[in-house]
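All chains, full assembly: derive it from the sequences and hints.
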Amino acid sequence: MDTAASSTPAVRKKKSKLWQTITDFFVSLYNINKFILRFFREAFMPPFELKEVMRQCYEVGVRSFTLITVTGFIVGLIFTKQSRPSLSQFGATSWLPSLVSIAIMRALAPLVTALIASGKVGSSIGAELGSMRVTEQIDAMEVSGTKPFKFLVCTRVLATTLTIPILSTYTGFIAMFGGYLNVAQNEGTTWSTFIQEFFDPLTYTDFVASLIKSIMFGFTIGIVGCYQGYNSAKGTEGVGKAANGAVVTAMFLVFIEEVIIVQITSWFR
Amino acid sequence: MEKKIVKGDHTNPVISIRGLKKSFEDYHVLRGIDLDLYQGENLVVLGRSGTGKSVLIKIISGLLKADEGDVEVLGSNIAHITEEALQALRIRIGFSFQNSALYDSMTVRKNLEFPLVRNRKGITRKEIDTNVETVLDAVGLLQTINQMPSELSGGQRKRIGIARTLILNPEIMLYDEPTAGLDPITCIEINDLINEVQERFNTSSIIITHDLTCAKQTGDRIAMMLDGQFQRTGTFEEVFDTNDNRVKPFYDYNFIK
Chain A
0 MDTAASSTPA
10 VRKKKSKLWQ
20 TITDFFVSLY
30 NINKFILRFF
40 REAFMPPFEL
50 KEVMRQCYEV
60 GVRSFTLITV
70 TGFIVGLIFT
80 KQSRPSLSQF
90 GATSWLPSLV
100 SIAIMRALAP
110 LVTALIASGK
120 VGSSIGAELG
130 SMRVTEQIDA
140 MEVSGTKPFK
150 FLVCTRVLAT
160 TLTIPILSTY
170 TGFIAMFGGY
180 LNVAQNEGTT
190 WSTFIQEFFD
200 PLTYTDFVAS
210 LIKSIMFGFT
220 IGIVGCYQGY
230 NSAKGTEGVG
240 KAANGAVVTA
250 MFLVFIEEVI
260 IVQITSWFR
Chain B
0 MEKKIVKGDH
10 TNPVISIRGL
20 KKSFEDYHVL
30 RGIDLDLYQG
40 ENLVVLGRSG
50 TGKSVLIKII
60 SGLLKADEGD
70 VEVLGSNIAH
80 ITEEALQALR
90 IRIGFSFQNS
100 ALYDSMTVRK
110 NLEFPLVRNR
120 KGITRKEIDT
130 NVETVLDAVG
140 LLQTINQMPS
150 ELSGGQRKRI
160 GIARTLILNP
170 EIMLYDEPTA
180 GLDPITCIEI
190 NDLINEVQER
200 FNTSSIIITH
210 DLTCAKQTGD
220 RIAMMLDGQF
230 QRTGTFEEVF
240 DTNDNRVKPF
250 YDYNFIK
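Protein chains in written order, with numbering that gives the first Met the number 0: chain A, 0 to 268; chain B, 0 to 256.
In silico DSS-like pairs for lysine-lysine, Cα to Cα no more than 27 Å straight-line:
#1 B/K57 with A/K240
#2 A/K233 with B/K20
#3 A/K33 with B/K64
#4 A/K240 with A/K12
#5 B/K215 with B/K247
#6 A/K240 with A/K119
#7 B/K125 with A/K50
#8 A/K233 with B/K64
#9 A/K33 with B/K57
#10 A/K146 with A/K233
#11 B/K57 with A/K233
#12 B/K109 with A/K50
#13 B/K64 with A/K146
#14 B/K109 with A/K146
#15 A/K146 with B/K120
#16 B/K120 with A/K50
#17 B/K57 with A/K146
According to the in silico footprint, chain A covers these stretches of chain B (three or more CB under 8 Å from chain A):
#18 88–98
#19 114–122
#20 161–174
Bear in mind the hints are in silico, worked out from the structure with no lab data behind them. These numbers were taken from a predicted model, which means no experiment stands behind them. Just so you know, even glycine gets a beta-carbon here, dropped at the ideal spot from N, CA and C.
This is the structure we're talking about:
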């Protein structure tokens with residue numbers, strides 16, 4: 000039934016704003032898909048910017064290394080410490096290394112690394128490319144007969160895709176070390192026993208799933224940061240928006256991917 | 000330095016534009032532009048801010064797409080060429096940006112090498128160094144070779160920006176507001192450099208500006224953009240010999256009448 004209220008200017012304005020939001024969402028979905036397809040079209044065609052990929056890998060690694068070391072260690076230490084009371088109620092503190100290993104290697108290491116990298120690396124890529132866009136540096140590359148997409152986007156996405164899995168593995172081992180220190184202090188477990196109990200419950204599927212997850216997280220962080228920066232507009236305001244958008248969108252997508260991959264992996268167990 | 004007027008070869012336009020139109024949503028910036036740039040001449044495009052002067056050269060270089068009309072650059076209609084052909088064409092066009100657009104993360108040397116190593120396959124290290132030093136010497140800034148763009152003054156950045164375009168030996172130069180934001184002495188130096196580039200590298204140029212001193216010192220021909228079209232074209236004196244209220248204030252302000 001069409002009521003009088005449904006046609007008031009306020010309602011019409013609300014409806015058109017909602018319609019605009021929906022349209023904008025699908026337009027950006029289309030654009031990001033186009034951006035991803037362009038990446039696959041250009042990244043694996045010569046000439047390859049290997050030197051720049053290596054430089055970006057170094058940048059990604061160095062930018063996040065300290066934070067990841069500290070965070071990984073604290074995650075391992077705190078997770079072990081917080082899990083002990085629950086296990087000790089059942090006299091099962093000897094299961095701590097197994098519990099820590101499953102939690103860290105299956106979920107925490109890739110997730111924590113991805114979240115840190117979203118903040119450190121994603122925002123930095125978004126801001127860097129955004130500022131290059133607004134100061135016409137990307138246009139300057141384009142008019143000088145070079146391919147800015149290949150040089151700026153493909154190299155950065157490849158770098159995050161390659162480096163995040165390495166950082167994620169590193170986080171896992173640092174967290175393991177944090178966990179070991181706590182277990183050694185409280186239970187007096189030796190290093191060799193801890194290592195044996197840590198790796199015992201892990202299967203080949205766990206390692207492969209973690210690796211695939213990290214690769215996807217790395218790709219997501221790189222492509223989202225580049226998309227936001229490469230398409231930024233409206234001057235310096237756009238640079239801030241690009242950096243912010245890179246972090247928020249990447250984190251959101253990382254969580255969604257985590258849920259999907261955990262579900263898929265559980266079918267293989 | 001007194002400008003020696005170059006009469007371009009009028010049988011041989013390097014850029015030929017007919018009926019060019021461009022709008023941004025409801026704002027009609029270019030409303031039917033007709034323009035020829037002849038071999039060897041410096042053409043100055045004058046006009047108020049926001050009249051679409053920069054849009055015009057961005058369309059010529061393929062950074063923006065025209066809504067309507069034909070833009071023929073060095074014999075190729077840029078609306079109908081492939082991405083590869085456009086890229087090859089761009090190497091023959093130098094674009095000097097208003098804010099220089101130097102790559103912040105690279106030294107002056109790397110800025111200059113960047114287009115060179117990507118467009119000249121098989122070029123040796125020695126040839127790269129020679130080319131870089133030659134163009135830096137041409138703009139008088141050889142001593143800045145290892146500096147970062149952030150360490151340079153506005154005028155130096157402009158010169159390096161011009162050097163970066165010259166390194167590919169372009170046939171056409173597009174200057175977007177070459178003297179904007181510079182002090183008068185540096186402006187004169189940049190104007191002299193534009194004339195020197197024209198003579199030494201035998202380029203045909205479009206210079207976008209609203210600085211009449213720059214127009215007078217560098218232009219062989221002036222095209223005045225008003226209401227999205229070229230309303231007056233000719234020598235500096237011909238363009239400003241008018242009582243048109245849209246043109247006169249331009250002259251009066253620049254020459255303090």
